[in-house]
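> With chain A held as given, fit chain B onto it using these hints.
Those protein sequences? They're chains A and B, same order as listed.
Each residue of the first sequence is one higher than the one before, counting from 1 in this note's numbering.
Each residue of the second sequence is one higher than the one before, counting from 205 in this note's numbering.
Hints in this document: simulated from the structure, not taken from any laboratory.
Since we're looking at a predicted model, the values are computed, not measured.
Think of the CB as a built atom: it goes at the ideal place given N, C-alpha and C, for glycine as much as any other residue.
Any given hint might turn out to be false.
What the hints assert, rightly or not - Simulated restraints on C-beta separations: (1) B:R406 x A:E166: 19 to 29 Å; (2) A:D8 x B:T707: 47 to 57 Å; (3) B:V412 x A:Q13: 54 to 64 Å; (4) A:Q13 x B:V453: 57 to 67 Å.
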Amino acid sequence: MSERERRDRAADQAYRDHANDVYRVAYGILRDPDEALDATHDTFARAWERWDQYDSQRPLRGWLHGIVVHVALDQLRRRRVRRLALPNLGRSPVAHLETSVADAADDVARRELVDRALDGLRPSVRATLVLRHYYGYDYAEIAAMLGMSSGNVGSTLSRAHAAIRERLEAAEPAAAPRSAASAGLAAARRPSRGTTAEPPEVLP
Amino acid sequence: MTRGTRPPRRASLDDEAIGLLVRDVVGDWSMPAVRLDAPSWRDRVRGPRTRLMHTARLGLGRAGRAATAALALTVVAALAAVVITHPPAQPGASPNPTGQSSGQPPAGLASPLPRVILGAGDLPFPNRILVENETGDIALVDLTLGEIGGSIARSQYPSSLTVSASGVVVCICITTAKPVAGYPTELDVRLKTFTRTTTKLRDDAVDVLSGTPDPRSPDMAADHAWTSVSFSPDDRYAYLGWSTRATPVWHSGIDIVDIGTGTVTSKLALPDMTAGDGDARRTVGAPRVLGPGSDGTLLIARSWAEWGSDNVALEPARVGDDGSTATVVDGVASGLTPFPEAANCGPSFVRAGARPGGGFWVTCQTNTGTLTLRRLAADGTSLGSESMARTGFVDGDTTAVSPDGQMFYAWDPGSWTLTSIDLSTGKRANARLVTAAAAGAGADPVTALGRWLAPSADAKSILRGAILVSPDSRRLYVLAAQPVVDERLPTGSAGILVVDAATLQVLDHWPPPADLMSMALNADGSLLYAAGLPGVDASGVSSLRQGASVTVFDTASGAQRLVAGQLGMGMLSFPGPLVP
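Bound-form chain A, shown alone:
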């Protein structure tokens, strides 16, 4: 088997095993299914090109996540060029939404609130949240992927939590005390797809 064939097979297997994991991080950054899919394919194309740089002693998914973070953030800076079909209508206030207290009475509404709160965060902050809370990477791993210090990862998460908390409590002040339990129930119904068995560590 030639080197190229070996590389093809390995990359195919990587795609089958990790495409969804790569997509999830891309979507966290880009918040657009088509663009996230585009970034996912770009990530595997780059991975294929750099396969000789992959250290097989380390988890493949982490290596792919390191690539997709770069690909998606790079794509983000170029995205608006594709959106010229509409005339300039002015500014739409859709970027920051609020949801009524009544709507927030159930978990579905709360997930929507969180989803919208994520919209209001910077893409790199969303990436930090996804990498931390879904995939359970430690601060050092996230720092390496995003090119920041571990301390910055901690402070970024802290600010992101505060922003989400503020958004949730503004929409649902009376229900805030039960939120933790509710969140726990929601999470219990959906098994974690991350590899870390331990729940995410809170900020130091």
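For chain B alone, kept in the frame of chain A given last:
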């Protein structure tokens, strides 16, 4: 502090609960089915041509057929243009814009820029400047310390901010409420002003705007209200354009706000426009004050888009716009008059201004990126129209007008073409600021052509203040981007070209320390401030250790007087042609 020793919070969501919520939400993000006709990662490793075709297809799906057709037409046009006027082998004084002579990816910088590095000469002044940050707010940058502060107005989208000539931060701050189908129906608009050290000077109510859902499609995920804000050149007034749905029509108007007193001096109502007949659904954008005429009149544009059903996720079936003028005296607007010659210029009006001797000029941009300049007499008569092809797409205005209002300049960073138009006579001149090196040193014409034939939808696109005119109107400064060589490779900055405004000849070339995307001058034009993108090096190669940057050039020598290279990971730009 560990979890076990953390003091108990009061009844509130703790970090763990938020983490669980985030995990729950992220778990819903699953990869959609891959279309069979979409290129996979395998296609992308087969070569740039496949990637180019993919880009074209993506454009078809996302930006409309017009964009894709434009890509093809641009390629054809570029082919024809280069065949006819391909760059001379020895273009004289023009500098080497790229230093890149082969199809190899540009080399990234070895290390990110330092926090602050001072060049020769005195500390540049001003060195505490205001910039627009990634959230659209204004932030203070201390170049001597290499630090950037937080958002001064702490505004949220869709607020609009500017900085007056006196350095006051002006915010038309908008907060939203009462969403229906995910879109707010109420917008609270306030005027707030701040000093550069965040001290609030004013906070005045401007308006409360209410739009209502379309009762024919109450769950339609579409905007109920739009706003558009611009500021008078003398920073005295803010123009708040708005439109709100009140089916069967949209209401539109412009509030004129005196920034000094915080009062609304005038409310100008525009004619209602239909919300769509039958199954049609129309959204009407906020009217925009494009600019003032020489006699104090304002040129106003309003665009709309219409769909054949309530599925507004599709491309609109029809788009259009109208133009009008109004007279403004001491902040009081009157005499709204249709101005048909300003209409149907293109889906995106860019800007307008006063022509020497009366009347207007207006620019607009099509989906294909073509820029059109119209010269209009005061009575609305057309005095001529000039179209300028754009290579690739640029997010940002790449035009400038001389301080005396006489000359209009347009820069196409994709083809390195500079156009000047005399706004009085309409006389036009073009210059291709291309050297043999730009097209590929030693390359045969066909190879050189190939490099010009890659106008990519992914090409470098975000530019703010891409062209500046010196205060004495004698020089132009343009931001240059590297030509796209390979679709899969990043394109970076090619630095700043200094151009003689009269002859359009290149006088100098300043290499880029970063991937430059925004420029501004100080008041006397002796210093040029250039902002660099974060997350990439000067070659456009991803480098997440590289923060946003500001480089100060001495315009007399081109020397870098100061570089502040670690100003956070958010994109920053200059809010106007003069650095505040």
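> Note whether the CB distance of Q13 of chain A and V453 of chain B lies within 57 to 67 Å or breaks it.
holds (59 Å)
> Against the range 54 to 64 Å, how does the distance between the Cβ atoms of V412 of chain B and Q13 of chain A compare: consistent or not?
holds (58 Å)
> I want to verify a distance hint. Is the separation of the beta carbons of D8 of chain A and T707 of chain B within 47 to 57 Å?
holds (56 Å)
> Can the suggested window of 19 to 29 Å be confirmed for the beta-carbon pair R406 of chain B and E166 of chain A?
holds (26 Å)
Of the numbered hints listed earlier, not one is contradicted by the structure.
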